[in-house]
Amino acid sequence: MRKLLLILTVVFFAAVSCTDKEYDLSNLEGDFAIGDAESEFLAPLAVMSFHAESFTHNSGSGTESIVDVYQEADIWLPTQLPNGVDYVEVERLMHDFAYLDAIVKALIAEMETSSAKADKVFELIATKHKAEYLNCVKGHISDAEYAALESASTEQAVSVIRSLFEADHSYAVEAVETICEGRLNDLSFDDVSYEIPAIDIADDIKNMIIGNIGYKSNPSATEQLFIAGHVDSGFPFDIKISPKVLNTSIEFKNIALAFGKEADIPEKRIYADDVEHLFNGSTAVIVFTIERYYPGKVEILKQEAHIELHLRKIGSLTL
Amino acid sequence: MKKLLLTIASAALMVTAVAQNPTTYFMEGSTLRSQWNPAFAPYRGYVNIPVIGGIQVGTEGNISLSSIVIPHDGKLTTIFDGSVSRSIALDKLNPENYLGVDTRMNILGFGAYTKNGKSFWSFDLGLRLAADVNLPYSLFEFMKTGNSTTIEDLQARAEAYAEAAFAWSWQVKPKWHLGIRGKVLLGVGRLNANIENADIHMAGDMWKMSALGNVSVSGLQLGQDGSTYTFNDISFGGLGGFGVGVDVGVTYDVLPQLQLSASVTDLGAMFWFKNKTQIASMEESIMFDGVKIDEHGAKQPHFDLEDFELNAEENKGETNMLRTAINIGGEYSFLQRRISLGLFYSVKFWETKVRHNLVFAANFRPLYWLHVSGSLSLIDNRGTAVGLALNFCPNKGINFFVGTDVLLSKVTPQFIPVNQSRMNVTFGIGVPIGKVGTRYPKVGKKQ
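Same order as they appear, the protein sequences are chains A and B.
For what it's worth, our numbering labels the leading residue of the first sequence as 1, then goes sequentially.
For what it's worth, our numbering labels the leading residue of the second sequence as 1001, then goes sequentially.
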């Protein structure tokens, strides 16, 4: 009887339906993902903020705050720049002596007509560059005058420097020019290095982003991950920014950023090795190349620049 | 994570595979027919074979296996596979996608006619497991597009209980039979989970996810970590509650060949004990907007989906209504009852949905002890199912019945319908004993 029932049951079910072997659930495979091959996901990565204190300038004789360097540059630069422009070309100051000389000459001319400008320059020399000034005028003034200037107070030194300049001694003018040239021909920023800590998101989220993008040596043809972003700056510079993350293929060169504007950081494809490095902690080095400086536009100290980086994934996020 | 999700998907598919089969409504000799309407009675008394005396497994819903599982690129995969395009994946889904499971297993059952041969009593002890989920389209849409969205009303409900029932069917007047079944229910376990609202925002400046929901569990013991519950160490917590229910039904023989029937089943409620119920709420939000770095160091938000925790709330008892159903049928017999045609309508009230079912049935009784029923079901004006049932009910030996409504449909090798969103399988073996009832004219004899 049992056999009969079994046969009846099997025959019943066999009769009532047909099997679709294509749907054999024992062969079920695949992954769980958010999105499909057409999907595009954006994910924030980091925002780096740069205050004026972040930047330094190494003149060879020591490291200075970039705020000090440019506040001093404002004194050295003539109020009216040659050719009627409102900026100085910082790179050109380094490599084009004629351009530098024209600016220095314009400063001297302004000092001759503006006692206020001249006094600022004299005071700057007396406070920061007296030794260099003495070195320039040595041999042109008596030893007693040299010794007196060397030991003079700032106020006294300003008075002496002013009198020598107003006496129209060529050596005194040249001394001012020499110091000015030395200060204006290198207004560069040192590279900025920031430590990016290990990113505190859960491993399953990290794995979801990395997904199947593949390593640099064996990248996926379909799933791709890009890093991109944008920069903004309130600093009075036209600037070129070249950020890179050490030990990864994340490197961008010469992203041009005009004063008060924003700029996009172009996309760069990255790989699982890069992302793992990023997520586990890394070092970002940013090279700032100053193209133009807009003197007197804003107070540098109060300004900030930002680099925002995000990821763009083409393809699904595998859970 | 992948393994967990595949397991859940597989479980959902199995659920799809595996309740009351409407084809059996007109199968008058079967012992489980009285579960449709307690006024019905079999031909003869019976004792069911324990456990296999009556098994009913079924699902109802509006998503089929082929809505979720598809052959793609030479492999069988789910629509959640990253290689499956959104257009293919979302093609067969509905604005609301729901699936309900109702499984009954008869542990012990017996019944007999009284001396007059007209009244019938029966006792059944069984297990019932019922579950349903509601999956909004926005959930699937998010899964396939990744677009920021708000998902609302993601619900899951399940309950299991043991049922001890005593039924009595009697003739109140000529042509009229009434039936009533009283049930005492012992709650084994219950889960009610509801995500009222989940906001997902994924953009280049910020990833933000927030969820508002609640979970209530009875009879099961969730793992507890301080003031939060987890599903990690779930265990059976003992008897979770009790309930009472009643089925009432009536049949009326309008003509010797025409019988009308109506019933209300599962009218009642479960009361889950306060000390066996855990209630939790979830109102969390996590956000990641990138690492903030400046010359003073770095600050970063913590972003982990495990931060969505179930915060323990004060326990309280819960009451929920049973899944009440209303069943109405009419059957006309001819050729000395060798053939009959039936029309059956049922409406079932789920926690999340109301389901309608209209069935046309043709019943063949070539022999007194052999019945075959075929049916065509119209489900919620949406789909159809063709069913077939076989009843083997001799006066001696065994009583055996089997029925399904996956007739003519494609099934997987695991016997899961591929394109049909509803499936019922009924199966049972019993031993006929005692007196033969007098309420059914013998097949083949003039009425």
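Just so you know, these hints were derived from the structure itself, not from any lab.
Any given hint could be a false lead.
Stated by the list, open to error - Within a straight-line C-alpha distance of at most 30 Å, the following computed DSS-like cross-link-like pairs (lysine-lysine) qualify:
| id | chain 1 | residue 1 | chain 2 | residue 2 |
| --- | --- | --- | --- | --- |
| 1 | B | Lys-1410 | A | Lys-216 |
| 2 | A | Lys-244 | B | Lys-1118 |
| 3 | A | Lys-302 | B | Lys-1299 |
| 4 | A | Lys-253 | B | Lys-1299 |
| 5 | B | Lys-1410 | A | Lys-261 |
| 6 | A | Lys-216 | B | Lys-1396 |
| 7 | A | Lys-268 | B | Lys-1299 |
| 8 | B | Lys-1299 | A | Lys-261 |
| 9 | B | Lys-1396 | B | Lys-1118 |
| 10 | A | Lys-117 | A | Lys-297 |
| 11 | B | Lys-1292 | A | Lys-268 |
| 12 | A | Lys-244 | B | Lys-1299 |
| 13 | A | Lys-302 | B | Lys-1292 |
| 14 | B | Lys-1292 | A | Lys-261 |
| 15 | A | Lys-302 | A | Lys-128 |
| 16 | A | Lys-206 | B | Lys-1396 |
| 17 | B | Lys-1396 | A | Lys-268 |
| 18 | B | Lys-1410 | A | Lys-21 |
| 19 | A | Lys-244 | B | Lys-1075 |
| 20 | A | Lys-206 | B | Lys-1292 |
| 21 | A | Lys-240 | B | Lys-1299 |
| 22 | A | Lys-253 | B | Lys-1118 |
| 23 | B | Lys-1292 | A | Lys-297 |
Hint-by-hint comparison with the structure:
1. B:Lys-1410 to A:Lys-216: violated (46 Å)
2. A:Lys-244 to B:Lys-1118: Given pair Lys-244 of chain A, Lys-1118 of chain B is violated - Cα atoms ~92 Å apart, limit 30 Å.
3. A:Lys-302 to B:Lys-1299: holds (22 Å)
4. A:Lys-253 to B:Lys-1299: holds (26 Å)
5. B:Lys-1410 to A:Lys-261: violated (64 Å)
6. A:Lys-216 to B:Lys-1396: Violated - the C-alpha atoms of Lys-1396 of chain B and Lys-216 of chain A are around 76 Å apart, more than 30 Å.
7. A:Lys-268 to B:Lys-1299: With Cα atoms ~25 Å apart, Lys-268 of chain A and Lys-1299 of chain B stay inside 30 Å; holds.
8. B:Lys-1299 to A:Lys-261: holds (26 Å)
9. B:Lys-1396 to B:Lys-1118: Answer holds: Lys-1396 of chain B to Lys-1118 of chain B is near 20 Å, not above 30 Å.
10. A:Lys-117 to A:Lys-297: holds (17 Å)
11. B:Lys-1292 to A:Lys-268: Holds, at roughly 21 Å.
12. A:Lys-244 to B:Lys-1299: holds (20 Å)
13. A:Lys-302 to B:Lys-1292: With a Cα-Cα distance of about 19 Å, the restraint between Lys-302 of chain A and Lys-1292 of chain B holds, given a limit of 30 Å.
14. B:Lys-1292 to A:Lys-261: holds (21 Å)
15. A:Lys-302 to A:Lys-128: With Cα atoms ~24 Å apart, Lys-302 of chain A and Lys-128 of chain A stay inside 30 Å; holds.
16. A:Lys-206 to B:Lys-1396: violated (68 Å)
17. B:Lys-1396 to A:Lys-268: violated (81 Å)
18. B:Lys-1410 to A:Lys-21: holds (10 Å)
19. A:Lys-244 to B:Lys-1075: Violated - the C-alpha atoms of Lys-1075 of chain B and Lys-244 of chain A are around 42 Å apart, more than 30 Å.
20. A:Lys-206 to B:Lys-1292: holds (18 Å)
21. A:Lys-240 to B:Lys-1299: holds (26 Å)
22. A:Lys-253 to B:Lys-1118: Outside the cut-off at roughly 96 Å; violated.
23. B:Lys-1292 to A:Lys-297: holds (28 Å)
Hints 1, 2, 5, 6, 16, 17, 19 and 22, counting from the list given before, are not met by this structure.
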